[in-house]
Amino acid sequence: MTKILVIAEHLDGKLNGATARAVSAASAVKPDAIDILVLSDAPDAVAAEAARIDGVSKVLTVARSENAHALAAILAPQIAKAAVGYSHVFAPSTTFGKDLAPRVAALLGVSQVSDVMSVEAPHSFKRPIYAGNAIVTVEVDAGSTVVATIRTASWPAAASNGSAPVEVLGIDATLPSHTRFVGLQQGKSDRPDLQGAPKVVSGGRGVGSKENFEIIYKFADKIGAAVGASRAAVDAGYVPNEMQVGQTGKIIAPELYIAVGISGAIQHLTGIKDAGTIVAINKDGEAPIFEIADIGLVGDLFKILPDLEAALG
Amino acid sequence: MKVLVGYKRVVDYNVRIQVKPDGTGVVTDGVKLSANPFDDIALEEALRLREKGLAEEVVVVGIGPADLTAHLRNGLAMGANRAIHVQTADAVSPLTAARTFLKLIEKEEPGLVILGKQAIDDDANQTGQMLAALWDRPQATFASKVEITDGKATVTREVDAGLETIEADLPAVITTDLRLNEPRFIKLPDIMKAKSKPIDVIELGSLGVDAADHIKTTHYSAPPKRSKGVMVKDAAELVAALKQKGLL
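Protein sequence lines correspond, in order, to chains F and Y.
Using numbering that gives the first Met the number 0, the first residue of the first sequence is number 0, and each one after it goes up by one.
Using numbering that gives the first Met the number 0, the first residue of the second sequence is number 0, and each one after it goes up by one.
It should be emphasised that the hints constitute simulated quantities derived from the structure, not laboratory data.
Possibly wrong hints are sitting among the right ones.
Cross-link-like lysine to any residue pairs, in silico, SDA-like; alpha carbons within 25 Å at most [as the list claims (entries may be wrong)]:
no. : chain 1 : residue 1 : chain 2 : residue 2
1   : F       : Lys13     : F       : Met0
2   : F       : Lys282    : Y       : Ala239
3   : F       : Lys272    : Y       : Gly161
4   : F       : Lys282    : Y       : Gly161
5   : F       : Lys221    : Y       : Ile16
Short, incomplete list of chain Y residues facing chain F, as computed with Cβ under 7 Å [unchecked claim]:
no. : residue
6   : Ile16
7   : Leu94
8   : Pro137
9   : Glu163
10  : Thr217
11  : Val229
12  : Leu246
Backbone N, C-alpha and C fix where the C-beta goes; we use that ideal spot for every residue, glycine too.
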């Protein structure tokens, strides 16, 4: 029997949209069942959201005070126990899933498939290597549990019309006390979430300073877009790390991506190559970003962005 | 405290990767090889801990073929005290690498293991987490700041939501993110000095590591290319083009 356990990602009592994308990948395996596991100190609200995702057979909850924060060392032993009887364990390829899934795989004594882009067969997957410059097909041994992270940009979020039952799961696992949560400094923003937004405007080194980045925010707000950045802009301190798009930052697939003052290093391009339409605005007409942009505009961003706002009325 | 650092050799990040036409791999003949950038950051962090008096010895570990020696010499030239070369002709999976590190840990008893969060060749992002699981010790992945006090590491981690801080009892595994530090450049005199630093060579087969791999790579292909698009001359044309596509 093919049964897939999907690990729910959540924060502050809300399910992260990456979970529904992992469910899409699970559905592509055409399994007999897809169950979602919610580990939390208070899982009910998250479980109720998870239960609505299409294709989910049931939602399993584990409520323990130790699960108040998503620490891999605490969660992994519980998932390894819950995984008994499942052929696959999926987690989104977010920092949550990347931190957690390999720890689960090691406890189960198996290798892991990172960043699943497509499902070829129940034990065969495609994934990117070398910053997406090569795609490999991998096959997991038939007898092994498949532990995989799902490249969220490759999968649409499953719809939320379902009503799966929610069950409490009793897990007898001794949890370590050697790792403790201290705090989370969250970027406070009323803008759309970078990872799920249909429109994204990103700024790069060409923006020039933290203060100048205001012009990016202003334009993004005008068109209702999330804001991202290149590694260069993050390294230069213009914006915080959670805004980085690229190989080692967030991999995104918005319908519209507008790159402003970004030259387009391979490492950045790998983060956006699944975007629907890529627009590049850069003063250097030779910048590599124009090689992959659907629409390019050469010029001074400090003139073009106000012009765009004016043209939009 | 002894710090063990993973030091992998990969295709240099500036090389344009070409997939072989027959789909059996990527072209690596004659391409420039360098230290995995995240591993340089790992080594730099270990050296800074030693310079602050928080570590006594920094050991770089490489797993790979006989010619890995020159690469490990770079790690020694950067400042590591010694190197361990686990020799194997085959590429190893993250799980095998983690099991190999565990064997070395049993012998070396480090207070801290620092690895890159991912290698830029396979982009797996697994070894540190797997090692921490097998070792039954804390993991602090994607670190952008590390403080060591009283047998604990306080680590700031770059996560999707922002910056998370966790506290981990030592020994522990830390994996590095880009903004943890800027690695130093190797100076010529250090290259000379590195020649006299010891490299222990251990055959992977002699460690008793289960090197079974559950995952086989069956095919390599080039990614689908995005075709070059159109150029517009001003903001008005851009808005018109986006409106035509229904994007604005």
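Now for the hints, and whether the structure bears them out:
1. F:Lys13 to F:Met0: Distance of about 31 Å is beyond 25 Å: violated.
2. F:Lys282 to Y:Ala239: Given that 25 Å is the threshold and the Cα spacing comes to 21 Å, the pair holds.
3. F:Lys272 to Y:Gly161: 24 Å, holds
4. F:Lys282 to Y:Gly161: With a Cα-Cα distance of about 31 Å, the restraint between F:Lys282 and Y:Gly161 is violated, given a limit of 25 Å.
5. F:Lys221 to Y:Ile16: 39 Å, violated
6. Ile16: Since the shortest Cβ distance to chain F is 4 Å, the answer is holds.
7. Leu94: 5 Å, holds
8. Pro137: The hint holds - Y:Pro137 has a Cβ within 7 Å of chain F, the shortest such distance being about 4 Å.
9. Glu163: 5 Å, holds
10. Thr217: 5 Å, holds
11. Val229: 6 Å, holds
12. Leu246: 5 Å, holds
Of the numbered hints listed earlier, those contradicted by the structure are 1, 4 and 5.
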